[in-house]
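*Asks:* Going down the list, the protein sequences come from chains A and B.
Quick note on this note's numbering: the first sequence kicks off at 1 and runs consecutively.
Quick note on this note's numbering: the second sequence kicks off at 1 and runs consecutively.
Treat each hint with caution, since some may be false.
A pair counts as met if it fits within one copy or between any two copies, since identical chains are not told apart.
[Said to hold, decoys possible] Listed below are the simulated PhoX-like cross-link pairs for lysine-lysine, each with C-alpha atoms no more than 25 Å apart in a straight line:
{"#": "1", "residue 1": "Lys355", "residue 2": "Lys280"}
{"#": "2", "residue 1": "Lys23", "residue 2": "Lys388"}
{"#": "3", "residue 1": "Lys442", "residue 2": "Lys30"}
{"#": "4", "residue 1": "Lys30", "residue 2": "Lys395"}
{"#": "5", "residue 1": "Lys543", "residue 2": "Lys44"}
{"#": "6", "residue 1": "Lys30", "residue 2": "Lys355"}
{"#": "7", "residue 1": "Lys497", "residue 2": "Lys355"}
{"#": "8", "residue 1": "Lys388", "residue 2": "Lys30"}
{"#": "9", "residue 1": "Lys523", "residue 2": "Lys30"}
{"#": "10", "residue 1": "Lys23", "residue 2": "Lys395"}
{"#": "11", "residue 1": "Lys355", "residue 2": "Lys531"}
{"#": "12", "residue 1": "Lys452", "residue 2": "Lys442"}
{"#": "13", "residue 1": "Lys497", "residue 2": "Lys43"}
{"#": "14", "residue 1": "Lys419", "residue 2": "Lys452"}
{"#": "15", "residue 1": "Lys355", "residue 2": "Lys452"}
{"#": "16", "residue 1": "Lys230", "residue 2": "Lys442"}
{"#": "17", "residue 1": "Lys44", "residue 2": "Lys448"}
{"#": "18", "residue 1": "Lys355", "residue 2": "Lys230"}
{"#": "19", "residue 1": "Lys547", "residue 2": "Lys442"}
{"#": "20", "residue 1": "Lys230", "residue 2": "Lys531"}
{"#": "21", "residue 1": "Lys413", "residue 2": "Lys119"}
{"#": "22", "residue 1": "Lys280", "residue 2": "Lys452"}
{"#": "23", "residue 1": "Lys280", "residue 2": "Lys23"}
Just so you know, these hints were derived from the structure itself, not from any lab.
A quick note: this is a predicted structure, and the numbers were derived from the prediction, not measured.
Protein chains: 2
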Amino acid sequence: MNSQQNPNYQPAPGSDGYPLLIKQLLNRAKNTASDEEIVYADKKRLTYTEFFSRLNKLANVLSDLNLQAGDVVAVMDWDSHRYLENYFAVPMSQYILQTVNIRLSPEKILYTINHAQPKVLMLNSQFAPLVKDYQFENSTIEHIIWLDDDGVSAEGVFGDNQAKVVFEYDELLANAIDEFYFPEFDDDNIEITFYTSGTTGNPKGVFFSHRQLVLHTLAECASLALLPNKQGLSYGDVYMPMTPMFHVHAWGFPFTATMIGMKQVYPGRYAPDTLFDLIKNEGVTITHCVPTILQMVLGEAQSRGDGFDGLKMIIGGSRLTEGLAGMALDAGIEVYTGYGMSETAPLICLTEFRKDDPEMSREDDIARRAMTGKPVMMVDTQIWQDGKPLPHDGKQTGELVLDAPWLTQSYFKNPDAGKELWEGGMMHTQDIAFIQPDGTVKITDRLKDVIKSGGEWISSLEIETILSLHPSVADVSVIGVRDEQWGERPLALIVLKPEQQNTSEDDIKAIAEQAVEKGIIPKYGIPSQYKFVDELPKTSVGKHDKKLMREMYAGQKGI
Amino acid sequence: MNSQQNPNYQPAPGSDGYPLLIKQLLNRAKNTASDEEIVYADKKRLTYTEFFSRLNKLANVLSDLNLQAGDVVAVMDWDSHRYLENYFAVPMSQYILQTVNIRLSPEKILYTINHAQPKVLMLNSQFAPLVKDYQFENSTIEHIIWLDDDGVSAEGVFGDNQAKVVFEYDELLANAIDEFYFPEFDDDNIEITFYTSGTTGNPKGVFFSHRQLVLHTLAECASLALLPNKQGLSYGDVYMPMTPMFHVHAWGFPFTATMIGMKQVYPGRYAPDTLFDLIKNEGVTITHCVPTILQMVLGEAQSRGDGFDGLKMIIGGSRLTEGLAGMALDAGIEVYTGYGMSETAPLICLTEFRKDDPEMSREDDIARRAMTGKPVMMVDTQIWQDGKPLPHDGKQTGELVLDAPWLTQSYFKNPDAGKELWEGGMMHTQDIAFIQPDGTVKITDRLKDVIKSGGEWISSLEIETILSLHPSVADVSVIGVRDEQWGERPLALIVLKPEQQNTSEDDIKAIAEQAVEKGIIPKYGIPSQYKFVDELPKTSVGKHDKKLMREMYAGQKGI
Numbered sequence: 001m002n003s004q005q006n007p008n009y010q011p012a013p014g015s016d017g018y019p020l021l022i023k024q025l026l027n028r029a030k031n032t033a034s035d036e037e038i039v040y041a042d043k044k045r046l047t048y049t050e051f052f053s054r055l056n057k058l059a060n061v062l063s064d065l066n067l068q069a070g071d072v073v074a075v076m077d078w079d080s081h082r083y084l085e086n087y088f089a090v091p092m093s094q095y096i097l098q099t100v101n102i103r104l105s106p107e108k109i110l111y112t113i114n115h116a117q118p119k120v121l122m123l124n125s126q127f128a129p130l131v132k133d134y135q136f137e138n139s140t141i142e143h144i145i146w147l148d149d150d151g152v153s154a155e156g157v158f159g160d161n162q163a164k165v166v167f168e169y170d171e172l173l174a175n176a177i178d179e180f181y182f183p184e185f186d187d188d189n190i191e192i193t194f195y196t197s198g199t200t201g202n203p204k205g206v207f208f209s210h211r212q213l214v215l216h217t218l219a220e221c222a223s224l225a226l227l228p229n230k231q232g233l234s235y236g237d238v239y240m241p242m243t244p245m246f247h248v249h250a251w252g253f254p255f256t257a258t259m260i261g262m263k264q265v266y267p268g269r270y271a272p273d274t275l276f277d278l279i280k281n282e283g284v285t286i287t288h289c290v291p292t293i294l295q296m297v298l299g300e301a302q303s304r305g306d307g308f309d310g311l312k313m314i315i316g317g318s319r320l321t322e323g324l325a326g327m328a329l330d331a332g333i334e335v336y337t338g339y340g341m342s343e344t345a346p347l348i349c350l351t352e353f354r355k356d357d358p359e360m361s362r363e364d365d366i367a368r369r370a371m372t373g374k375p376v377m378m379v380d381t382q383i384w385q386d387g388k389p390l391p392h393d394g395k396q397t398g399e400l401v402l403d404a405p406w407l408t409q410s411y412f413k414n415p416d417a418g419k420e421l422w423e424g425g426m427m428h429t430q431d432i433a434f435i436q437p438d439g440t441v442k443i444t445d446r447l448k449d450v451i452k453s454g455g456e457w458i459s460s461l462e463i464e465t466i467l468s469l470h471p472s473v474a475d476v477s478v479i480g481v482r483d484e485q486w487g488e489r490p491l492a493l494i495v496l497k498p499e500q501q502n503t504s505e506d507d508i509k510a511i512a513e514q515a516v517e518k519g520i521i522p523k524y525g526i527p528s529q530y531k532f533v534d535e536l537p538k539t540s541v542g543k544h545d546k547k548l549m550r551e552m553y554a555g556q557k558g559i
Numbered sequence: 001m002n003s004q005q006n007p008n009y010q011p012a013p014g015s016d017g018y019p020l021l022i023k024q025l026l027n028r029a030k031n032t033a034s035d036e037e038i039v040y041a042d043k044k045r046l047t048y049t050e051f052f053s054r055l056n057k058l059a060n061v062l063s064d065l066n067l068q069a070g071d072v073v074a075v076m077d078w079d080s081h082r083y084l085e086n087y088f089a090v091p092m093s094q095y096i097l098q099t100v101n102i103r104l105s106p107e108k109i110l111y112t113i114n115h116a117q118p119k120v121l122m123l124n125s126q127f128a129p130l131v132k133d134y135q136f137e138n139s140t141i142e143h144i145i146w147l148d149d150d151g152v153s154a155e156g157v158f159g160d161n162q163a164k165v166v167f168e169y170d171e172l173l174a175n176a177i178d179e180f181y182f183p184e185f186d187d188d189n190i191e192i193t194f195y196t197s198g199t200t201g202n203p204k205g206v207f208f209s210h211r212q213l214v215l216h217t218l219a220e221c222a223s224l225a226l227l228p229n230k231q232g233l234s235y236g237d238v239y240m241p242m243t244p245m246f247h248v249h250a251w252g253f254p255f256t257a258t259m260i261g262m263k264q265v266y267p268g269r270y271a272p273d274t275l276f277d278l279i280k281n282e283g284v285t286i287t288h289c290v291p292t293i294l295q296m297v298l299g300e301a302q303s304r305g306d307g308f309d310g311l312k313m314i315i316g317g318s319r320l321t322e323g324l325a326g327m328a329l330d331a332g333i334e335v336y337t338g339y340g341m342s343e344t345a346p347l348i349c350l351t352e353f354r355k356d357d358p359e360m361s362r363e364d365d366i367a368r369r370a371m372t373g374k375p376v377m378m379v380d381t382q383i384w385q386d387g388k389p390l391p392h393d394g395k396q397t398g399e400l401v402l403d404a405p406w407l408t409q410s411y412f413k414n415p416d417a418g419k420e421l422w423e424g425g426m427m428h429t430q431d432i433a434f435i436q437p438d439g440t441v442k443i444t445d446r447l448k449d450v451i452k453s454g455g456e457w458i459s460s461l462e463i464e465t466i467l468s469l470h471p472s473v474a475d476v477s478v479i480g481v482r483d484e485q486w487g488e489r490p491l492a493l494i495v496l497k498p499e500q501q502n503t504s505e506d507d508i509k510a511i512a513e514q515a516v517e518k519g520i521i522p523k524y525g526i527p528s529q530y531k532f533v534d535e536l537p538k539t540s541v542g543k544h545d546k547k548l549m550r551e552m553y554a555g556q557k558g559i
C-alpha cells in the first residue's frame, strides 16, 4: 500500500521523504571530514570546511547570473578543485552541469556545446583557443567565467570579442557571500549531461538525474569497498582521478570520494611527471584510468627506476591486456578491470577479489584481472540474441544488455536513438559477451564488428588474437564480408613484418586450424579469405577503423 | 529540469525508471551467487538457486490466498531460511511484512497483531501457545501457515480451533509452482512494519517503503565495507545474525548479505551451544548482537576453553561497556558499536576504523569501540537544544536529531506521535549526546532521564557512573526532582553493599566533588540529595525504572 493511498502510512509533517539530491552526498563529510584535504596539483590545498564554504560562494556567484532551474552550466577545465566545486554547486543549485569533452576535435566540442545550449561556460584559459572563433553572439552562452592558472587574460585570447567574460573564477569566489541555502526539489531533476565520443557520427548526449547519481555513488562505494583492502576502498585511502573529470565524470568517483570524506588529489593536466610526483608526495592509494595512461605512468616509473607501493588502479575505457596487467603488477600496481560506458554513468562490472580466494597462478590471476568482471550491486546483466536471454554458461555469446538504477533514460534530444538503446526493456550495450556461471562477464566483440556466419556469431577479436600469435604477423584485423551461402564470412586483413614478407596464406591459416583442433574456436571461425596489406586504416584515436574496412572490402566475394 | 517537464529529457520507452524495489536487491546475487549457501542451523542447507526458486513458490502460495496489494503478512518464527524467504517474497508480492516481536509479553504480542491487522500469520509451532487463546474469530487473520521443525501438529496445539490453519510451510512450498512474475510498482509502497519495544505504554508501529529499504541496504553495505577487512565486510565473509530477525529486521543485514550474495547462516533459537557450533562449523566471520548475547557466547567459549578467530561483531541495542569490549577482544572478537533504533531501520552510526589509524593504546582502542561512532553514508546527525543546532565541539550536549533516506516517516495509525517524532523537520531520537569535531557521537543520556538544572543539562548516566565508582555503592540511580530555584535538581538513589551499610551521605558526595575538581563534571552536577534504599525499581527487562522512581519521589523537595 502506497503511503499516498493509505492514510495510516501518511508521512508526518517535517519528514520530507528525503529526495536523493546531490547535496545529501555531503552529509557524512560535513560531519566527519572538516580537516581532510582536497589538493589541486601543486597549486592549491583546501580543507573540506573550505570546500563547503566555496560551494556556498560558487552558488551565490551563479545565483547572481539570473539563471533558471534547469539551465545548463558547461565546464572546460583540467581536473581541479574548481571542477569538483562545479560537480556539486551547479546541480545543488538546480542547474545542469555539462562536462565538455575537450579531447574531441574543435568542431565536435562546438557541436556538443551548441547541442546542450549552456548559458554559462566555465573556461580554462588553456582551452580558450579551441573556442576562440566560436560565434558567441549566436550561441546560448551568456556568461563566460575565466579559469586560469597561468596568468593568461581573457583579453589576450579573445581581444575585443570578450564582452561575455564576467571575471575570473577565484576572484568571483573571493568576493562572494559564504552562506547559501541549497533548495529541495524532486530528485528526478537532471543533474548532469555529457556526450559520447561519437567515433561514428555526432556525439550523443546522455543525462542523469540527482537520484541516479546518488544511487550510482552508493553502489560504486559499496562495490569497491567490498573488495579486500589490497584492491578495494577503505577509510584512509587517498583518491586521485587519472580518467579526466570531463569523461563520464571521472567514473563518478569524485562523488564517491566526497561522500566518504576522503583526501582527494586533482592533478590538472595529465603530465607523466606530475602524476607520478602527486602519487608519491600526496600518498595516493587509489585511482582509475585507461590503458594508455597506465603505460604513461609505467614509463615514468621506469625512467626514474622507481615503482608503486601497491597503488590500486581500476582500468576502463579500453581493454586491459594480459601483457599490460603483468607489467603493472611487476611495478607494484594492483591493477584490475572496471566496465561501463557513458550511457551507464558508468560502473557496471568490476573484477571480483575475495578474502577466501584460492591460491592462484600468476597467469590465472592476470587473466582474472583482464576479464570484464562481475556486475556490481543492483546491476542485472543478461546476454540476448534476437531479444531473448541466453544461459550464462560461459559459452554462448549474445549482446550484453543491462538494467541498473543509473542508466541514461534516453539520448538528449534524440528519442529515436533512445528508443533503440532501450529496445525490449533493457539497455543495449552493443557489446558482445558471454557470461560464466559465476557471473563473470567477458566481452568478446563489439556488436557491429561481430561476424554472423550461418546463424552463428564469430568474434572478430578472438580470431584476431589467434592470428596475431603467428610470428610473421605485425598487425591484423578481421571483418565480415557478405557471403551468399552463410550470410557473412570472416576476411583477415594482415600486415606482415618486413622480414617475413614471403609468408603464405596457408601459413596463417594453419594457426587458425590449430586453434580449431585445440577447441579454442569453432571450425567456422577460420577466415575464408586472407589479404596481405601494407597498413590497416585507423580512426583518429588510433583504433582499427573497421567501419572503413567494411566499406573498402564490401564488394569482396565470399568463398 | 525535471524529466517530466522538459521533453528533451523524456525517458525512452522501455527505460522504466528503475523503481527501488526489494526484488532489485537480488540482481547481483542471481548473476553471481548460484552455488553460494543459505544454512538453517543443522536443519537445512539451500543454494541461492534453490532459495530463488523457493521465493517463486512462496509467492505462488501467497497468491493462492487471494490477498490484496498492501495486505499484511505477519511472521512469528526463529531466525530461519523461512524468515529470509518471507523477507523477500512477501514485499516482492506487494504485501507488507510484519515481523512480530515474540519477546514481548503475550498481551503486547496480541496488541501488535491486532494493530497491524495481518491477513496471514506464519506461525512457528513453538510460539503457538503464545497466541493459542487469541480469538482468531474476531481477528483479521484469515490464514495461519504452520512452521514446524519439531513434528508438532497444529491440531495438537489448537485442538478444534484450528480451522484457519492452511497446511505446513514446507509442504505448501513443495507443491507450489516454481515460476512467478514479481510485479513492478511504485517504490513508495510500504514493505515492512514492526513495533518498538514500548517500555512505557503500548508498542508503536514503524514502517518502511521499498525505496527506504533498498537505500538502507546500499548504505549499510557501503559503510560496513569501508572499514578495513579486520572489522569490515568483504567478499568471502560469512554472515549470521545474533540480533533476531523480528527485531528491526536483524539490522537489515539479511537484505545486505543477500544483495552481495554472501553465505548466510540462520541459527534458529539463540542457544549458546548452537551459536558457538555454527560460528565454528560454518565459518561465520561477521555478526551483530546485543551485549547480553555477547556475554552468552563469551561464556560458552570460556566453558569450552575455546575462543574466536577474529569474528567481527557489531554491538547495538544497549551500550557496549568498556569492560565487556575488553573481554570480547581478549576472546578474539573484533567488537565495535553500531547505533540505531526501530525508527531508523536501524543503521545510523558505526565505529570508524581506518587503514591509517595511528598506533593506539588498548585503553583508547576500547574507548573508541564503545563510543556511539560516526554517521554512516548519507546520514546527517545534529544535536539540538530548543530546536536549534549546537556546535560539534565534543562538549555541548543536546538531543540527537537525524536525517537519512531510511527513517520511518511516522508511527502507524498514530499521527500525533509521528508529528512529535519529526518536530522541526528532523527525526528526534530522544537521546542526549555530544558530537566531537571529527563527527564521533557520544550518547550521554536518554532525553527523559536528563536533569534540567538552571538552564543546564545534567546527564544522569554520567553522575551514576561517577557515584558507582565509590567502593560502598552496589547500585545507583540519579533522577531529577522538582526544585523551585533551579527547575530540577539531581537526587541520587543508592543501594549500599551489605558490608558497607554505615557509609554516609557525605562519603558519597565526596566522590562527586572530586569529579568536579578534576573537571569531569560541572559543580551543579553534584546531586543535592542522597537517599539510601534497599533496592531500585526495575522494568520487566531489568532496566532501572526511572519513570517509576520519578513518580515515587515527585514530592521530594529540593535543597
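*Asks:* If a hint holds in the structure, say so; if it doesn't, say that too.
*Replies:* Each hint tested on the structure:
In this assembly of identical chains, the alpha carbons of Lys355 and Lys280 lie at most 25 Å apart only when taken from different copies (18 Å versus 28 Å within one copy). Proximity of Lys23 and Lys388 under a CA criterion of 25 Å is satisfied inter-copy only: 21 Å between copies versus 40 Å inside one chain copy. For the homomeric pair Lys442 and Lys30, the shortest alpha-carbon distance between copies (17 Å) is at most 25 Å, but the shortest distance inside one copy (40 Å) is not. Taking CA atoms no more than 25 Å apart as the test, Lys30 paired with Lys395 passes between copies only; the shortest distance there is 18 Å, against 49 Å inside one copy.
Taking identical chains as interchangeable, the C-alpha atoms of Lys543 and Lys44 are never at most 25 Å apart, the minima being 37 Å within one chain and 54 Å between chains. For the homomeric pair Lys30 and Lys355, the shortest alpha-carbon distance between copies (21 Å) is at most 25 Å, but the shortest distance inside one copy (32 Å) is not. In this assembly of identical chains, Lys497 and Lys355 lie within 25 Å of each other by CA distance neither inside one copy nor across copies; the values are 45 Å within and 51 Å between. Taking the shortest alpha-carbon separations for Lys388 and Lys30, only the inter-copy value of 17 Å comes in at or below 25 Å, while the best intra-copy value is 47 Å.
In this assembly of identical chains, the alpha carbons of Lys523 and Lys30 never lie at most 25 Å apart, being 61 Å within a copy and 33 Å across copies at closest. When the C-alpha separation of Lys23 and Lys395 is checked against a cutoff of 25 Å, the pair qualifies neither within a copy, at 45 Å, nor between copies, at 28 Å. Proximity of Lys355 and Lys531 under a CA criterion of 25 Å is satisfied in neither setting, with 49 Å inside one chain copy and 56 Å between copies. Taking CA atoms no more than 25 Å apart as the test, Lys452 paired with Lys442 passes inside one copy only; the shortest distance there is 19 Å, against 65 Å between copies.
In this assembly of identical chains, the alpha carbons of Lys497 and Lys43 never lie at most 25 Å apart, being 48 Å within a copy and 66 Å across copies at closest. For a Cα distance limit of 25 Å, the shortest separation of Lys419 from Lys452 inside one copy, 24 Å, qualifies, whereas the shortest one across copies, 64 Å, does not. Proximity of Lys355 and Lys452 under a CA criterion of 25 Å is satisfied in neither setting, with 41 Å inside one chain copy and 51 Å between copies. Proximity of Lys230 and Lys442 under a CA criterion of 25 Å is satisfied intra-copy only: 24 Å inside one chain copy versus 32 Å between copies.
In this assembly of identical chains, Lys44 and Lys448 lie within 25 Å of each other by CA distance neither inside one copy nor across copies; the values are 46 Å within and 49 Å between. With identical chains, the CA atoms of Lys355 and Lys230 are at most 25 Å apart both within one copy (10 Å) and between copies (11 Å). Taking CA atoms no more than 25 Å apart as the test, Lys547 paired with Lys442 passes inside one copy only; the shortest distance there is 23 Å, against 64 Å between copies. For the homomeric pair Lys230 and Lys531, neither the shortest alpha-carbon distance inside one copy (47 Å) nor that between copies (58 Å) is at most 25 Å.
In the homo-oligomer, the alpha carbons of Lys413 and Lys119 lie at most 25 Å apart inside one protomer (18 Å), although the nearest pairing across protomers, at 49 Å, exceeds that limit. When the C-alpha separation of Lys280 and Lys452 is checked against a cutoff of 25 Å, the pair qualifies neither within a copy, at 49 Å, nor between copies, at 54 Å. When the C-alpha separation of Lys280 and Lys23 is checked against a cutoff of 25 Å, the pair qualifies neither within a copy, at 32 Å, nor between copies, at 45 Å.
The structure is inconsistent with the numbered hints 5, 7, 9, 10, 11, 13, 15, 17, 20, 22 and 23, although it conforms to all the rest.
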